[in-house]
Amino acid sequence: MNVELLLQLVVNGLILGTLYGVVAMCFTLIYKASQVVNFAQGEFLLIGAWVCWWLLTEFQLPFYAGFLLTLVFMMVFGIVLQVLVLRPMIGEPVISVIMVTIGLSIFFQAIMKWLFGVFTQPFPPIFPIRSVDIFGLNVQPAYLMSMVISLLIMAGFAWFFKYSRLGLAMRATAFNQQVAQSLGISVKQMFAVSWAISAMVSALAGVVFGIVNGVSPALSFFGIKVFPAVILGGLDSIVGAVVGGLIIGVLENLAEYVDGQWLNLGNLYAIAPFYALVLILMIKPYGLFGTEKIERL
Amino acid sequence: MAQALTRCGDFKTSYRADTTIFPSARSRAFALVGVALLIAAPLQIGGFSVLSDYWITLLIQIGYLAIAALGLNVLVGFTGQISLGHSAFFGFGAFASAYLNNTYGVPVFFSIPLAALWTTAVGLIVGIPAGRIKGLYLAIATLASQFILQDFFARADWFTGGSSGSLAAPFAVFGYQISGDRQYFYVVLAYLVVMYLLAANLMRSRDGRALVAVRDHYLSAEVMGVNLTKYRVLSFGISSFFAGIGGALYAHYLQYVSVEAFDILLSIQFLGMVIIGGLGSIMGSLLGTIFMVLLPEAMSWAVNILRATDWGNVPSIVNGLAFLKQAAIGLAIVLFLIFEPDGLAHRWRQIKAYWKLYPFSY
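Residue numbers (this note's numbering), protein chains in the order written: chain A, 160 to 456; chain B, 74 to 435.
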């Protein structure tokens with residue numbers, strides 16, 4: 160047993176897990192508000208990270224300016240996507256809606272590869288130091304920042320949905336669209352807002368991940384990794400998304416530890432979440448916190 | 074599912090006549106003529122060949138992909154379940170046929186159907202969650218199975234040859250060795266016709282109608298005595314059987330199977346074929362496959378033509394063509410779902426209806 164390695168991996172897992180949690184939260188937000196399963200969530204991260212990278216390297220903008228511009232761009236992008244593509248799909252069968260987002264996902268993936276290439280590009284350095292020492296464990300400052308930002312986002316979401324007028328309107332829409340509409344809430348607007356927020360926050364996660372590991376097309380894999388997290392937490396639970404993300408992040412790294420120490424299968428790191436996913440679906444398809452749909456005749 | 078319009082006065086007097094594969098004698102004649110033309114396609118008389126080698130490869134490609142796409146249409150279009158792991162089954166069929174032939178010396182003629190049966194078994198296992206979950210949960214479960222199977226391909230050296238891939242012997246019928254694409258074309262064509270007739274007949278049987286009932290209203294179907302779990306899992310089995318045949322044909326055509334070929338993108342392409350062709354339409358699967366194979370080719374042609382002119386030779390387009398092709402596939406799926414959700418088969422019916430009712434369209 161290598162305790163230090165195990166501890167390091169668990170910390171890594173928790174940090175990565177918070178990022179998964181944030182992306183899962185964005186995914187859940189869209190699903191809750193507009194009943195769309197967004198297979199293009201990973202591309203939001205990808206686009207956000209590339210746009211930010213492009214602004215920083217091409218125009219030499221300072222980080223905060225480039226970052227803010229990226230967020231504005233992603234907001235517009237999310238709204239345009241919802242209005243142009245997802246709005247015509249309202250009322251279509253689940254399969255069609257899923258397929259539209261899958262189509263979008265491979266479209267954006269290809270376009271991003273076409274525009275920016277397939278190679279990993281490092282972000283311009285933002286922090287002067289390479290790593291911080293916390294209780295004898297090496298933690299990169301960007302990871303620390305990501306953890307802090309993720310926690311801030313989670314707190315922000317909690318506040319937003321509990322106290323702000325817009326957040327309450329969105330919750331009402333998620334609860335029952337017809338009732339929300341009769342109370343004077345514009346359901347269409349709520350859909351667009353949920354896409355905008357989701358795109359913005361995902362882009363933020365993409366930028367944070369890009370700062371640590373560089374920007375590459377592999378970022379879009381986040382969108383697929385997010386499924387084990389949301390299914391584990393329950394598809395329509397924001398708290399569940401966070402918890403699911405943390406568990407999957409830790410699980411991944413534990414799988415790597417077990418693999419490296421005893422099994423030596425290789426690649427267990429990447430595949431373990433999917434085994435977990437199938438297991439969860441077989442045992443408890445509605446996850447830890449999801450609402451169970453009971454069908455009666 | 075809208076029936077094809079028939080002429081005024083063309084009445085059906087028995088259920089038997091109403092459930093024929095072809096709605097009229099003329100449509101059957103058209104199909105026969107189509108097959109006859111395809112039989113003539115690879116002929117070479119003297120120095121003259123009906124179609125160039127390039128077109129023969131495209132047609133073969135359409136053939137084996139169309140068989141797999143048909144299987145997916147049984148699952149998605151007829152049973153209303155979604156599978157994001159179809160390319161894994163396609164790949165499993167390819168590896169299984171090569172493995173049976175290489176390791177046990179099963180002749181290729183038999184290894185293709187045997188591989189398909191093996192794939193069916195795998196499909197039934199993967200389909201077990203379908204008995205419990207549906208809709209997007211099922212989509213996610215099949216997505217997981219895609220990654221798990223892909224991981225298995227990369228891992229199982231004994232079965233797939235690991236990263237070096239596995240070799241597949243060329244097709245042979247009882248000692249007669251098939252050589253060249255032009256002869257292999259007939260093998261694919263024979264399988265294509267048989268599989269399409271099989272699917273069309275399946276949909277006329279009790280089992281086929283049960284699948285459609287599960288799609289249209291599963292609660293009513295269960296009340297009427299359709300065993301939901303059985304048919305949901307069974308449709309996975311049927312779809313992987315078709316995928317297995319398609320994959321095995323692919324393996325013996327290329328004679329080399331690589332682990333990387335069966336990724337999620339191919340699964341999405343299969344779904345694209347089914348959606349662009351038309352969900353729940355047998356002919357639609359073929360039309361969708363033709364579209365999906367020809368779309369990237371058409372882009373290459375267009376770029377080649379443009380390159381001759383001086384304003385078309387943009388390096389970003391010429392070098393990035395592979396990415397643009399992928400983007401076009403994604404865009405085609407999105408545009409079809411927004412503007413023509415019933416697919417090419419529906420468009421085809423409308424064209425037919427226009428000419429049948431001409432000049433009075435009402």
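Just to be clear, a hint being listed does not mean it is correct.
As the list claims (entries may be wrong) - Calculated cross-link-like contacts (lysine-lysine; reagent style DSS-like; alpha-carbon spacing at most 25 Å): (1) B:Lys303 x A:Lys452; (2) B:Lys425 x B:Lys85; (3) A:Lys321 x A:Lys347; (4) B:Lys85 x B:Lys429; (5) A:Lys443 x B:Lys425.
By construction, these hints were calculated from the structure, which means they are not laboratory data. All figures in this text were calculated on a predicted structure; none of them were measured in a lab.
Against the structure, the hints come out as follows:
For the hint pairing Lys303 (chain B) with Lys452 (chain A), the CA-to-CA distance comes to about 22 Å; that is within 25 Å, so the pair holds. Between Lys425 (chain B) and Lys85 (chain B) the CA atoms are separated by roughly 20 Å; this keeps the pair inside 25 Å, and the hint holds. As the CA atoms of Lys321 (chain A) and Lys347 (chain A) are separated by approximately 21 Å, the hinted pair is consistent with the 25 Å bound. Proposed proximity of Lys85 (chain B) and Lys429 (chain B) is supported: the alpha carbons are some 18 Å apart, at most 25 Å.
Of the supplied pair hints, the one linking Lys443 (chain A) and Lys425 (chain B) is violated, its CA atoms being roughly 49 Å apart against a limit of 25 Å.
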